[in-house]
Every structure is written in structure tokens, then in C-alpha cells.
Amino acid sequence: GGLGPTRDDITKKTVTEYFGGKLIFSESLFQEIQEKLRHRKRIIPESNREQALIPDNARILPNPVGTAAGLYFEDKKGRRVYLVPGVPEEMKSIFNESIRPELIKLPGEKIRVYIYKTTGIMESEIVDRIEEGLNHFPMVKVGYYPSVYGVTLKMTVKENEAGAVESRLRDFLYNQLGDAIYTEGDRDITEIIADKLLSRGWTLSVAESCTGGLISHRLTEVPGISRVFTEGLVTYSNEAKM
1 GGLGPTRDDI TKKTVTEYFG GKLIFSESLF QEIQEKLRHR KRIIPESNRE
51 QALIPDNARI LPNPVGTAAG LYFEDKKGRR VYLVPGVPEE MKSIFNESIR
101 PELIKLPGEK IRVYIYKTTG IMESEIVDRI EEGLNHFPMV KVGYYPSVYG
151 VTLKMTVKEN EAGAVESRLR DFLYNQLGDA IYTEGDRDIT EIIADKLLSR
201 GWTLSVAESC TGGLISHRLT EVPGISRVFT EGLVTYSNEA KM
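Numbering (this note's numbering), first residue to last: 1 to 242.
Do not rely on the hints blindly, as some may be mistaken.
Restricting the straight-line Cα-Cα distance to at most 30 Å, the calculated cross-link-like pairs of lysine-lysine (DSSO-like) are [to be verified]: (1) K92 x K76; (2) K110 x K92; (3) K110 x K141; (4) K22 x K77.
The hints are simulated quantities; they were obtained by calculation from the structure and are not laboratory data.
With the hints as constraints, model all of the structure from the sequences given.
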């Protein structure tokens with residue numbers, strides 16, 4: 001974050017100065033930003049010139065989604081710093097297209113990450129169920145990531161040890177957590193619900209009150225959901241519910 005055109009976007013300037021460089025105006029980058037805004041039929045504010053200021057000691061990482069370019073710095077010892085916009089869609093796009101391919105080529109030990117997503121169970125209860133048993137998996141590092149949709153478990157193991165532990169770890173987690181695990185991998189819970197409905201030939205209608213249409217909104221973010229999601233109603237007042 002902090003790569004935009006506003007007063008509080010100081011990341012680019014700060015990191016550039018830390019690496020001993022200065023910002024220079026790039027006419028070609030400014031033209032690219034203008035073209036993107038014209039294509040979206042947006043007014044081109046003067047403040048966008050700030051986004052065309054680039055460090056003279058960094059490499060530009062193209063932003064295929066937005067107007068703030070990513071940046072790559074490297075010091076004399078080979079230490080790397082990547083700057084990306086704070087907007088999630090832009091950050092992911094730059095990471096996948098420019099940063100990830102570079103990181104994969106770097107020397108070092110490869111790791112494998114196993115993701116298990118849970119719902120309907122508190123983080124503290126998961127800890128109580130699995131922490132002691134994880135002592136039998138000293139090669140595995142576990143991370144707990146709670147959210148409003150549940151707790152995601154990320155199990156990290158060295159690539160050369162993954163084969164020996166993968167099935168045992170999976171069996172252990174399912175034995176301890178059972179149906180609380182709703183998927184493996186990084187799929188969203190609404191995608192899983194849609195798949196279940198499709199496989200069973202069921203349809204879904206939703207009547208909401210205090211959630212204000214949130215359930216319907218989440219469902220309609222899933223591509224192809226119209227095959228199973230028929231309608232959603234938001235009825236808030238008592239009169240409407242009768």
C-alpha cells in the first residue's frame with residue numbers, strides 16, 4: 001500500500017530514499033495511466049502525475065488492473081523489497097504476474113503448504129483438539145487464521161518431507177476435527193455450497209432479515225450460481241414478515 005496519488009501515500013518516497021535513490025517523472029508511465037483512465041471513461045486528475053513518479057533505483061512491475069505500478073528494489077547484498085498497491089485485486093495481479101515467477105526461480109528450500117478450512121468451531125477448540133497430537137508431526141509448522149467465515153489452518157512442511165507426512169497429517173486432522181473441515185485448499189465456502197447443491201440437484205431460496213441481503217450477495221459472487229440459487233428476499237419489518 002501507499003503507492004497512490006494522495007498525501008498519505010508515502011511508501012514509494014520513503015523506500016526510494018532508504019535505498020539512496022530519487023523519484024523521477026516517467027512520461028511513458030503517465031501516458032499509460034491516462035490511457036487506462038480514458039478507457040474507463042474516468043476524469044484524469046492532476047494528482048495522477050504523482051503515480052508517474054518512479055524511483056531511479058527500482059524496476060517497474062506492471063499493474064494490469066489499476067494505475068499504481070508495483071516496484072522492485074534490490075540492495076548490494078541481494079536483499080529484495082517488493083512494493084505493491086494495497087487494493088487486493090491489484091496486489092494479487094502484480095504478485096501472480098511479476099513477483100511469483102521471480103520468487104520461484106530463487107535458490108532455497110522448497111516448501112509445501114496444506115490448507116484446511118473449518119467452520120462452526122472456535123479457534124481455541126481447534127487448538128485443544130490438535131495441539132497435543134501435532135507433537136507427532138515435528139516437521140510441520142501450523143498457522144491459525146480466523147475470519148468471520150471460520151478458521152483456516154495452514155500446515156507448512158519442507159518439500160522433501162511432504163510425501164512421508166501428507167496422508168498421516170490429513171487423517172489426523174479429519175479424526176480430530178471431522179465435519180468442521182469443509183474443504184481442503186483455498187476455495188470459498190460459498191463455492192462449496194454451490195457444488196453441493198449442484199451435485200444433489202437441489203435449489204436454494206433465501207429469506208433474510210438482519211443480514212440485509214448479505215447471504216444472497218455472497219452467493220451471487222459464485223459463477224454459475226443461477227443454476228441453483230432461485231431467489232432472495234430481504235424482509236426487515238415485522239409487517240413484511242407476516
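Quickly compare the C-alpha distance for K22 and K77 to 30 Å and report which way the hint goes. holds, 20 Å
- Message: Checking one constraint from the list: CA of K110 to CA of K92, max 30 Å. Satisfied?
- Response: Status holds; Cα separation ~21 Å.
Original post:
Between K110 and K141, is the straight-line Cα distance small enough, at 30 Å or below?
Top reply: holds, 14 Å
Pair hint K92 and K76, alpha-carbon separation not exceeding 30 Å:
holds, 28 Å
The structure is consistent with each of the numbered hints, conforming to all of them.
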